[in-house]
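Please model the entire structure based on the sequences and the hints provided.
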Amino acid sequence: MPSDISLTLIVFAPLVGALIVLALPARTDLERFRVRTTALFATALPLAVAIFDLLGEVGNPAQGALAQPSIDAPWLRGFFFQMDYHLGTDGLNLMLLFAVTVVFPALVLASWRQRQRPRSHFALLLLTEVGLAGTMATQDLLLLVVFFWMPVLPLALLVGQGQHPRAAEAARRVLVSQSLGSAALLLAALLVLLRTGNTTFNFTTLSTVTPLQGAPGLVVAALLLFAFGSRLAVFPLQRWLVGGLEAASTPVAMLLVLSSVPVGTYGLVRVLLGIDPKGALQLVLPVLALALVTLYWSALAALGARDVRRATASLLVGVGGPVLLGVITFSETSLSGALWLGFATGFFGPLLVLVTGAVAERGGEGSLARLAGRAGGADRLRLLYVCAAAGLVGVPFLAGFPGLFQVLVGSFAQHRFVTALVVAGMALLAVAAWRVGAALFWGGPEDEAEVERVSDARGSEFYAGWWLAAAIVVFGLTAGYFIPYTVHGTDLVAARVSSLAPAKVPGK
Amino acid sequence: MNLSFLQDFSTLGVLLLGAVVCAALEVLQDAGGARERHLSRWAALAFLLLAFLVSIGFWRSSLGPAPPDVEHGSFLIDRFALFFYAAGPAAAAAIVLCGADLEAELELHQPMYHALLLVATAGVVLTASAADLGSLLVGLALVALPMAMAQGLRKIDAAGLRRTARSVTVTGSLLAAFAAGEAILAGLGHATQLTRLQALPPSALLAVAALLLVVGSAGQLGVFPLTRWRAGQGEATPLAPALAGLALLSLAVAAALLRLLPGALGSQPGGWTLTVSAIAAATLLIAPVLAWRQRRLLPAVAYLLVAQAALVLVGLVGPGRPGTAAVLYLILGLVPMVTAALAILGAMRLAESGDGLSAIRGLAARSPLQGGLLALLLAALGGLPPLASFFARLLVVETSLQAGLGWLAAVAVLAAIVSAAVALRWLLAILDLHAEGPQLDRPGRATLLGLALSAAALAGFTVALGPLMGIAARAALAPLAGP
Chain B
1 MPSDISLTLI
11 VFAPLVGALI
21 VLALPARTDL
31 ERFRVRTTAL
41 FATALPLAVA
51 IFDLLGEVGN
61 PAQGALAQPS
71 IDAPWLRGFF
81 FQMDYHLGTD
91 GLNLMLLFAV
101 TVVFPALVLA
111 SWRQRQRPRS
121 HFALLLLTEV
131 GLAGTMATQD
141 LLLLVVFFWM
151 PVLPLALLVG
161 QGQHPRAAEA
171 ARRVLVSQSL
181 GSAALLLAAL
191 LVLLRTGNTT
201 FNFTTLSTVT
211 PLQGAPGLVV
221 AALLLFAFGS
231 RLAVFPLQRW
241 LVGGLEAAST
251 PVAMLLVLSS
261 VPVGTYGLVR
271 VLLGIDPKGA
281 LQLVLPVLAL
291 ALVTLYWSAL
301 AALGARDVRR
311 ATASLLVGVG
321 GPVLLGVITF
331 SETSLSGALW
341 LGFATGFFGP
351 LLVLVTGAVA
361 ERGGEGSLAR
371 LAGRAGGADR
381 LRLLYVCAAA
391 GLVGVPFLAG
401 FPGLFQVLVG
411 SFAQHRFVTA
421 LVVAGMALLA
431 VAAWRVGAAL
441 FWGGPEDEAE
451 VERVSDARGS
461 EFYAGWWLAA
471 AIVVFGLTAG
481 YFIPYTVHGT
491 DLVAARVSSL
501 APAKVPGK
Chain D
1001 MNLSFLQDFS
1011 TLGVLLLGAV
1021 VCAALEVLQD
1031 AGGARERHLS
1041 RWAALAFLLL
1051 AFLVSIGFWR
1061 SSLGPAPPDV
1071 EHGSFLIDRF
1081 ALFFYAAGPA
1091 AAAAIVLCGA
1101 DLEAELELHQ
1111 PMYHALLLVA
1121 TAGVVLTASA
1131 ADLGSLLVGL
1141 ALVALPMAMA
1151 QGLRKIDAAG
1161 LRRTARSVTV
1171 TGSLLAAFAA
1181 GEAILAGLGH
1191 ATQLTRLQAL
1201 PPSALLAVAA
1211 LLLVVGSAGQ
1221 LGVFPLTRWR
1231 AGQGEATPLA
1241 PALAGLALLS
1251 LAVAAALLRL
1261 LPGALGSQPG
1271 GWTLTVSAIA
1281 AATLLIAPVL
1291 AWRQRRLLPA
1301 VAYLLVAQAA
1311 LVLVGLVGPG
1321 RPGTAAVLYL
1331 ILGLVPMVTA
1341 ALAILGAMRL
1351 AESGDGLSAI
1361 RGLAARSPLQ
1371 GGLLALLLAA
1381 LGGLPPLASF
1391 FARLLVVETS
1401 LQAGLGWLAA
1411 VAVLAAIVSA
1421 AVALRWLLAI
1431 LDLHAEGPQL
1441 DRPGRATLLG
1451 LALSAAALAG
1461 FTVALGPLMG
1471 IAARAALAPL
1481 AGP
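Chains as they are written, first to last, in the working numbering: chain B, 1 to 508; chain D, 1001 to 1483.
Since the hints were made in silico from the structure, they are not lab data.
Here the structure is a predicted model, which is why all the values come from computation and not from measurement.
Cβ atoms here follow ideal geometry from the backbone N, Cα and C, with glycine treated the same way.
Mixed in with the good hints there might be a few duds.
One side of the interface only, derived from the structure: several residues of chain D facing chain B at Cβ under 7 Å [stated by the list, open to error]:
#1 I1184
#2 L1401
#3 Q1402
#4 A1410
#5 L1414
#6 L1424
Derived list of chain B stretches under chain D, where covered just means 3 residues or more per stretch with a C-beta under 8 Å from a C-beta of chain D [stated by the list, open to error]:
#7 14 to 21
#8 275 to 287
#9 337 to 347
Shown next, in the form of structure tokens:
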């Protein structure tokens, strides 16, 4: 069981780091170096705590079934509802929380060369970590609403700082779409409270009360699907992510991916299935359709994209397809697969963005045609791209594979036709990923003499890339150690949905 | 001879004595008067601090299971009153600190402004302690009229004078409407004491009385139909009295309406609740939309403050202790918003840099202190999580849902969305790091202290949600039981 202070440290150490960063001067190179190292330390501390205090839990998979309360203090009493400062980990959130703590040091490294306004950049980055880690760690729905919205403004500001002509428009889109998603989540939470007559937002309590029936259940489920689907960037709510990835600087684009798929996936499993299983059961067909549309839109958009950043964004939107399939199948295996896919996207998503962003930034443009072959000499970038793209399409022994495999295996018995279509869609996605990689790293420029080659990754960018690539490989190879903990985490969710629809939903 | 009444009236006495001292400094100041003006500010702060400490002493003595309520005719000191005894002087002190730089606008009349502020604070205390209709009216008048008059302390042009005269006239008319509502209540209940009004059955006259009471009191805060009037305060007149009036009036109006409506009349459906809900809904629909249409920061902030103040009415209709506690928490969160607005808008007015969208753009990069705090203020006004105003809105919405007024909760949610959109639009402009423009001067020490306190309150009231709601819930016992 994590100690009383560990989750609080993981969530709020970056906030302290952000305040320190804002207080530091940043006029000289030395002062800017201090800002960067402070930010790195503020992200390394949660990672160290997570490694030493959280990961030990995984050794006992049975503990994944129930939230191990790290801290549960009353926050609001004597009102119509109660609120608790309740942080805890179980099989649903531990690995995702760990992914957040692993990726942030890489984001700081990727931002190492940030010369313009480093204080605000790193402070906003750290504030985003507070929101993401808090979303994963909390065991109280209202607290989740707060943490869910918290990264939106920092993200919008970071996107708006980009030099792209459409940066301001992309920032507005991030802000509006994610604020609406958060508002939908809040509305759903209030409706749940009102309709169930419950007085607490505690997840454990909410997952044991009589679920919402009929129209209210459907309305709440639709609101939750909008909230988390928007964060997951499923079709047609993907424009904020695609626009953001296109307009933001590379580190910020990496951050956008981290705050998208893992958070959306976790929300769908924890909140939608956890507190409104009846409503989710009414949404099976629409969500299956959404999964297919998202995946095929993504693959076709990536195939047709002329801009490298847009192609990358489209590829990453495609992850939403198998995630949705895994979530809406409701079996332990498929749910575990969806969560693992969200976890793995936390690594290969930012890496893919890092590599393609590096090529586009150094090439001075985003056009795939004009960048063709210009990264041919960049061996490190090529290898990193291969690693990220292989993780995306589910190549065995890499982090994406266990998730995709579990989703397909878990869903096949229930939705054979859709699962087959998802397999075909993933193949199409793989072709699109190959097209982008081949164009950048293997294609040849029309006139080699006139075109300047893109230099290879080095320094902090190289370390950030290898950090993420190492995570993809390590978690791909050791998935068997971690997955039983996640599977146990999905026990209660899957059992509850099964009990509500025994005729349609297979059990274990 | 029993002299305990001297102790019971000590808070009120300290505030009025402070007012006399400040007024004397106004009279005694020489041609330059810089020393007296400076002295007057610190004297006002000292008297407010003393009043606050006395009220905290009272509060500590009433924490037991059976609070030792004190009653002197129509003057009552119970836990409910003590909440305002502490909040009133604290709010006034924050206003003095945050408005310190901006007091230059008042030219030679700063001591008089401090005197009027202390009188208005005494009015808050008196309103919270009122046990009958007459003392409620007196208390409310003591808050509203000095603050309306304070707007005339700078006689710069005819337009400013006209606005001041209009302000005093409207304030007087609203107090007359409040008095008329009280008269109807007194006629219906055949009594002026609040305890004897509890059995009034729902009737058309009661609804009319509620309308007059709410418009007469909450109208001073800008609820419908006085939204535009309130938002226009401080445009051509000194800003400090306008915003100080809003902060102190919000405390006094909340105290008066809580004593009168859920306290004395009880939350009977069909009685006054429908009238209050309708006015609240109208304000919540109008104020954020008007805020959205503004291209200048001052009116946009003013309309957002009005929308926030209108939530008091939404909370009033909530049943029992939790509803009252929610209103008290909301009011507590409103005060630092007003004081922060005073300091930041004041700095912009003094810099004469304009407050249009283009002038604001990139303020966080040019003047990180003011820009950051303005961003925090706007986030609070927009009710963005995790700030206290988000939780205050949530509590109030839940209160109206518990009262069975789902439509009012829906209106409050809609207003919250529009308010958040307004705040986000300004936030994006303020935090646009590419924009160029002039820097704002660094605020003086007093203003800086006020800004720090306001920012700490805006952020800290979230963390302290539980303890503050605990205090509010204890304070909420009294008005519901009746004095």
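Each hint tested on the structure:
Interface hint status for I1184(D): violated, as the beta-carbon distance to the closest one in chain B is roughly 33 Å, over 7 Å. Interface restraint check: L1401(D) against chain B, minimum CB-CB distance 6 Å, threshold 7 Å, status holds. Interface hint status for Q1402(D): upheld, as the beta-carbon distance to the closest one in chain B is roughly 5 Å, under 7 Å. Because the closest C-beta pair between A1410(D) and chain B is about 10 Å apart, greater than 7 Å, the hint is violated.
Annotation: interface hint on L1414(D) violated; nearest CB of chain B at approximately 10 Å, more than 7 Å. This hint holds: L1424(D) has a C-beta 6 Å from the nearest C-beta of chain B, less than the 7 Å allowed. With 0 residues having a beta carbon nearer than 8 Å to a beta carbon of chain D, the region 14 to 21 of chain B misses the requirement of three or more and the stated coverage is violated. Chain D is given as covering the region 275 to 287 of chain B, and this is violated because 0 residues of the stretch bring a CB closer than 8 Å to a CB of that chain, at least three being needed.
Against chain D, the region 337 to 347 of chain B contributes 0 residues with a C-beta closer than 8 Å to a partner C-beta. That does not satisfy the three-residue criterion, and the hint is violated.
Comparing the model with each earlier hint shows violations of hints 1, 4, 5, 7, 8 and 9; every other hint is respected.
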